[in-house]
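Peer 1: Sequence:
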Amino acid sequence: EDPPSAYEGERNIELFQHNHKNKKVIVFIHGVGGHVVDTWRGADNTRFPELAFTDPKLKEFDVFIPTYYISENSKNNSNIFELAQNLNTVLENQGIFSNKNKKTASKYNEVYFVTHSMGNIVTRTMLTLRNVQADDHTEVPLLISFASPSSGSQLAEFSNLFSDHRQLNDMDILEKNSFLSLLNQIWLSKPYDTEIACAYESKSISETDFLVVTKESATSVCTRADKKELEEDHFSIVKPQNTKSESYIWFVEQLTKKAAKKGWELDRWSNN
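Counted the way the working numbering counts, the sequence shown spans residues 1 to 272.
No lab work stands behind these hints, which were simulated from the structure alone.
Computed from a prediction, not measured in an experiment: that's the story for all the values here.
Some clues are possibly wrong.
[As the list claims (entries may be wrong)] With a straight-line Cα cutoff of 25 Å, these simulated BS3-like cross-link-like pairs (lysine-lysine) come out: (1) Lys258 x Lys21; (2) Lys244 x Lys227; (3) Lys24 x Lys107.
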């Protein structure tokens, strides 16, 4: 029997709920040019989010798969800051986060993000905005990052020579990228308790002879020490074929791993 789902075709959103009592949710965030279905779908139509939803080990989690583009025409025209604002709106409208203006509470106590590529950067930007604007009590214990160009991408730098793509501009290499530099400094100063676990690709895609995202870039803001090399390219890294795939096993390990101490217990607060 297919898992129950609420699908809104126009907005490309899927929500899988075990019941209305779960207080934890996994949110899958695709990258630049990504899609709510295709990003996560392997050759045999197996989809990463559905593997997680049907995994008995993860039955305490609901699964949510949003897309955050404002419209099809805005894919290239919205910068990462604007996409982060839109993602926040989507999450508030779906009850993943509370909405301060509408005075609606979150359905969940804990939100876990699984991000691919630019999805990490959009998510961290969105969480930065929420920490400034919101006063809810929903925790974000973990961001699981697959092949994110946290220090920029050579492919983005190369592509920008031929097109004006605002999201690729925001993912240019760090030396030329004040946006990423500032975002990373905020997260490296660790004002939040969100841990970041990182996996990185080891195969180049067929059209290039270099990695889309290098290990150094993919792991530059990670807080968990066990950074994972996966023998996949930039796109297949989020398309596990089954629950025995290396990428899926690592995902479950990170999701179920005991979290680090809360921020107010960390050494940086010892004198305050």
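Peer 1: Run every hint past the structure and note whether it holds.
Peer 2: Consistency of the hints with the structure:
no., hint, result
1, Lys258 x Lys21, "22 Å, holds"
2, Lys244 x Lys227, "19 Å, holds"
3, Lys24 x Lys107, "9 Å, holds"
Of the numbered hints stated above, none is contradicted by the structure.
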